[in-house]
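*Asks:* Here are the chains, one letter per residue:
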Amino acid sequence: MNMIVCCKQVIDPEAPPASFKVDDSANKVVPPPGVPPVISPFDENAVEAALRIKDAQGGKITAITLGINLLRDVVKKPLSMGADELVLLEDEAYIEGDSWSTAYALAMAIKKVGEYDLIFCGRQAADWDTGQVGTGIAEILGLPSVTLARKIDITDGKARVERVTADGFEVVEVSLPALITVSNELGEARYPTIKGIMGAKRKEPIIWKPADIGAEPSQLGATGRRTKLLKLFQPVREGKCEIIEGESLEEAGANLALKLREAKVL
Amino acid sequence: MSEYKGVMIYGEVMEGKLSAMATELLGCGRKMADDLEQELSAVIVGSDVSSVAQEAIAFGADKVYVVDDPLLKDYQTDSYVSVMEKVVKQVTPQIVLLGQTSIGRDLAPRLAFRLETAATMDCVALAIDPDSKRLLQTKPVYGGNAQAIFNYESDPQIATVRAKVMSPLEPDTSRKGEVITIEAGLDPSAIRTKVLEKVKEEVEGIKLEDAPVVISGGRGIGGPEGFEQLAELAKQLKGAVGSSRPACDNGWTPDTSQVGLTGKIVTPDFYLAVAISGSSQHMAGCSSSKCIAAINKDPEANIFKEARYGVVGDWKKVFPTFAEKVKELLAQ
Numbered sequence: 001m002n003m004i005v006c007c008k009q010v011i012d013p014e015a016p017p018a019s020f021k022v023d024d025s026a027n028k029v030v031p032p033p034g035v036p037p038v039i040s041p042f043d044e045n046a047v048e049a050a051l052r053i054k055d056a057q058g059g060k061i062t063a064i065t066l067g068i069n070l071l072r073d074v075v076k077k078p079l080s081m082g083a084d085e086l087v088l089l090e091d092e093a094y095i096e097g098d099s100w101s102t103a104y105a106l107a108m109a110i111k112k113v114g115e116y117d118l119i120f121c122g123r124q125a126a127d128w129d130t131g132q133v134g135t136g137i138a139e140i141l142g143l144p145s146v147t148l149a150r151k152i153d154i155t156d157g158k159a160r161v162e163r164v165t166a167d168g169f170e171v172v173e174v175s176l177p178a179l180i181t182v183s184n185e186l187g188e189a190r191y192p193t194i195k196g197i198m199g200a201k202r203k204e205p206i207i208w209k210p211a212d213i214g215a216e217p218s219q220l221g222a223t224g225r226r227t228k229l230l231k232l233f234q235p236v237r238e239g240k241c242e243i244i245e246g247e248s249l250e251e252a253g254a255n256l257a258l259k260l261r262e263a264k265v266l
Numbered sequence: 267m268s269e270y271k272g273v274m275i276y277g278e279v280m281e282g283k284l285s286a287m288a289t290e291l292l293g294c295g296r297k298m299a300d301d302l303e304q305e306l307s308a309v310i311v312g313s314d315v316s317s318v319a320q321e322a323i324a325f326g327a328d329k330v331y332v333v334d335d336p337l338l339k340d341y342q343t344d345s346y347v348s349v350m351e352k353v354v355k356q357v358t359p360q361i362v363l364l365g366q367t368s369i370g371r372d373l374a375p376r377l378a379f380r381l382e383t384a385a386t387m388d389c390v391a392l393a394i395d396p397d398s399k400r401l402l403q404t405k406p407v408y409g410g411n412a413q414a415i416f417n418y419e420s421d422p423q424i425a426t427v428r429a430k431v432m433s434p435l436e437p438d439t440s441r442k443g444e445v446i447t448i449e450a451g452l453d454p455s456a457i458r459t460k461v462l463e464k465v466k467e468e469v470e471g472i473k474l475e476d477a478p479v480v481i482s483g484g485r486g487i488g489g490p491e492g493f494e495q496l497a498e499l500a501k502q503l504k505g506a507v508g509s510s511r512p513a514c515d516n517g518w519t520p521d522t523s524q525v526g527l528t529g530k531i532v533t534p535d536f537y538l539a540v541a542i543s544g545s546s547q548h549m550a551g552c553s554s555s556k557c558i559a560a561i562n563k564d565p566e567a568n569i570f571k572e573a574r575y576g577v578v579g580d581w582k583k584v585f586p587t588f589a590e591k592v593k594e595l596l597a598q
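One line per chain: the protein sequences are A and B, in this order.
What the first sequence shows, in the working numbering, is residues 1 to 266, in sequence order.
What the second sequence shows, in the working numbering, is residues 267 to 598, in sequence order.
Watch out, some of these pointers could steer you wrong.
[What the hints assert, rightly or not] Here are the simulated PhoX-like cross-link-like pairs (lysine-lysine), alpha carbons at most 25 Å apart as the crow flies: (1) K240/A with K571/B; (2) K582/B with K504/B; (3) K259/A with K556/B; (4) K151/A with K464/B; (5) K240/A with K556/B; (6) K504/B with K297/B; (7) K151/A with K460/B.
Hints were generated in silico from the structure; no laboratory data involved.
Use the sequences and the hints to build the structure in full.
*Replies:* If you want it as structure tokens, here you go:
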């Protein structure tokens, strides 16, 4: 089973909300000082999905990451978890794109990898929360796709995918090759082992420039965007919380109930 | 570009009726169509769904396009994208709105790529720019820490809309509209997926999204036993139990109880957050509640920036007396 997982380096979504700042003049988020970036958590779920298949029946996993200033310790995490190869699309030409230009670059890179049965992406990236790139790659490559997966089994050359729905899940069977986007319901991604980390340190990523993947420059990054970002802003929060106290915490609890009654909330 | 005209909404059908999301889309689409002085249409796709057309008209549609075919019984990407591609190419609307649901999330981006246009997902505000007449699409980004406004030049402009941010119109059964049938024209061999089973995991009692009271627990609850305490109070208040993502990821409570960006969006009259820090991604699912109260031992927790009332302290000490007092007050 040849598998490809697309992983994005993002600002750590678990960073304290107070450290989150937007540079209004540039319409950009200012990376919080001292908080290193991470692989988008849903992409880690996607790596985990691929690893579970590899554990069960063997296979090869190639991780692909697009961006610039990619910290090796961060983007090598899939390798340290158990992936076999890492491809970096690291070039100014790839960045500042939208779902369209990013999906295009990744699809071209996947074509260059050549052999694949399954492509995994996270359900959405933890920065722009768009959830379009995975499906976009499938459309460009003409592959079937199943989104929001929480479990994947391979039987008789087909994938059986449990797909998250509003009130539970549905089981969808899809022919291979296929693209699957993975949701957090799949379960936490494994921690890298010491052996995995050591192996990843020694492994050099493969770097592909636009010419290497035969990409049309006009379709890439900022030039290839279809959407315009007009404004990025932080919504104003009022923050008028009334703290209810008491002689003891137990009394404070009872006082909260009284307060809610008084305010006719209850 | 000029040949594209009108606003179209994709109306999901649930258990033989127009979904709540569809009525919200019709409400928001009606306003937009009126602003543009254009038509509002609804597309209904499925098997045995024709009866829903009149409902869509009552909720504001001028025209309803119905694609009814046994092959469309279950939502599947290949068949539904192909049908929507056909409908959009025939009707050429300027704007297409879908719900940010498990269907809309799957259908909208693939349709946008197929039609070589773009889509903006999970919008919480939509407006027509008075000068350009283009659609301004506002969506939360960075897990709800910020919002971004997008637009683009290609047509149709596709957007998905978050549940419960738009209001439906009062249904008017005397409204007149036109119902047009479109053939699905599907090639069964081009559908590369098969839905084998649908499983409902809904917890007992009232649905989380419809509950007037939601009692939610987070990482600080520490285990499944704590959620039983929350459930007991929720039952007393005829409400439902919610949770933050860490509580679900730890398996303390079902995934379907998750409130937040990747879970349910709830808008109850009263939302109690117990041992929840209030990450942006959680608040994305509950910030529109009428009243939020919080119990958390960390006075700096973000939840206190969002809540109206709060108690700072260990929930294990605060919650039992709170629940007891609520019970007592309700008995009066």
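*Asks:* If a hint holds in the structure, say so; if it doesn't, say that too.
*Replies:* Cross-check of the supplied hints:
1. At most 25 Å may separate the alpha-carbon atoms for a hinted pair to count; K240/A and K571/B meet this at roughly 7 Å.
2. Between K582/B and K504/B the alpha-carbon distance is near 22 Å, which keeps this suggested pair within the 25 Å criterion.
3. Restraint check: the Cα-Cα separation between K259/A and K556/B comes to about 15 Å, which is no more than 25 Å; the hinted pair holds.
4. Only pairs whose Cα atoms come within 25 Å are accepted, and K151/A paired with K464/B is accepted, the gap being roughly 14 Å.
5. A threshold of 25 Å between alpha carbons decides the hint, and for K240/A with K556/B the separation of about 14 Å falls inside it, so the pair holds.
6. Between K504/B and K297/B the alpha-carbon distance is near 35 Å, which puts this suggested pair outside the 25 Å criterion.
7. For the given pair, K151/A sits about 16 Å from K460/B by alpha-carbon distance, which is consistent with the 25 Å threshold.
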